[in-house]
Amino acid sequence: MLERVANAVLFQIGWLTCVLGGNSLWLLLALAVLVIHLRWISSWAAEGRLVLSVVIVGTAVDSVLRALGVFEFQDLSPLIPLWLMLLWALLATTLRHCLAWSARPWWLASSLGAVGGAMSYYAGGRLAGVQFPYGELPTLIGIGLLWALLFPLLHTMARRLTH
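If you're matching positions, the sequence shown starts at 9 in the numbering used here and goes up one per residue.
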């Protein structure tokens with residue numbers, strides 16, 4: 009139980025640091041959160057493949073959404089910003105820990121993904137100054153539908169890519 013609470017607290021610290029700090033030296037704190045998780049809650053051997061896989065999937069998904077104009081960042085890179093990539097790594101650390109309860113049944117993961125995913129993008133967009141050119145409500149509905157599919161997939165990855 010304590011491990012799950014620590015994981016949730018670390019994730020929230022990392023999330024806030026990434027969203028508020030952007031691509032600044034604050035990312036070192038978010039990186040430290042990831043290292044603390046992998047040192048004291050889990051290990052690179054147990055979750056390294058999962059973290060890397062979630063970063064790749066998340067970067068691909070969000071970069072496609074960026075290319076489609078679903079959201080706009082201040083930089084001009086075709087990929088998402090580094091802070092958002094690190095946020096995907098931090099999300100990966102929750103799948104076997106504080107969010108493990110949401111893995112099954114699949115509709116629970118899907119429901120949490122729909123609501124939690126959309127709310128995370130909403131809050132993150134507000135705090136980080138990310139723009140939603142298609143409008144806030146249509147974008148959040150679309151993101152919610154996407155995350156209803158994506159979150160169960162991430163849980164499947166967590167089951168298959170860890171010991």
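Simulated from the structure, these hints should not be mistaken for laboratory data.
Where hints are given, some of them may not hold.
Unchecked claim - Label pairs and their computed distance ranges (CB to CB):
| hint | residue 1 | residue 2 | range |
| --- | --- | --- | --- |
| 1 | Ile44 | Leu87 | 25 to 33 angstroms |
| 2 | Val69 | Trp114 | 30 to 38 angstroms |
| 3 | Val43 | Gly143 | 22 to 30 angstroms |
| 4 | Arg57 | Leu145 | 19 to 27 angstroms |
| 5 | Ile149 | Gly56 | 31 to 39 angstroms |
| 6 | Met9 | Ile149 | 34 to 42 angstroms |
| 7 | Ala131 | Ala53 | 15 to 23 angstroms |
| 8 | Leu145 | Met9 | 17 to 25 angstroms |
| 9 | Ala75 | Ala16 | 13 to 21 angstroms |
| 10 | Ala53 | Gly143 | 42 to 50 angstroms |
| 11 | Arg12 | Leu84 | 17 to 25 angstroms |
| 12 | Leu60 | Leu36 | 14 to 22 angstroms |
Glycine included, each C-beta is placed from N, C-alpha and C at the ideal position.
Hints and how they fare:
1. Ile44 to Leu87: 25 to 33 angstroms: holds (26 angstroms)
2. Val69 to Trp114: 30 to 38 angstroms: violated (19 angstroms)
3. Val43 to Gly143: 22 to 30 angstroms: Hint violated: Cβ distance 39 angstroms, outside 22 to 30 angstroms.
4. Arg57 to Leu145: 19 to 27 angstroms: At roughly 37 angstroms between Cβ atoms, Leu145 and Arg57 fall outside 19 to 27 angstroms, so the hint is violated.
5. Ile149 to Gly56: 31 to 39 angstroms: holds (35 angstroms)
6. Met9 to Ile149: 34 to 42 angstroms: holds (35 angstroms)
7. Ala131 to Ala53: 15 to 23 angstroms: violated (33 angstroms)
8. Leu145 to Met9: 17 to 25 angstroms: violated (38 angstroms)
9. Ala75 to Ala16: 13 to 21 angstroms: Given range 13 to 21 angstroms: violated, Cβ gap about 32 angstroms.
10. Ala53 to Gly143: 42 to 50 angstroms: holds (45 angstroms)
11. Arg12 to Leu84: 17 to 25 angstroms: Once the Cβ atoms are compared, 40 angstroms apart, the range 17 to 25 angstroms for Leu84 and Arg12 is violated.
12. Leu60 to Leu36: 14 to 22 angstroms: holds (20 angstroms)
In terms of the numbered hints stated before, the structure departs from hints 2, 3, 4, 7, 8, 9, 11, listed from lowest to highest.
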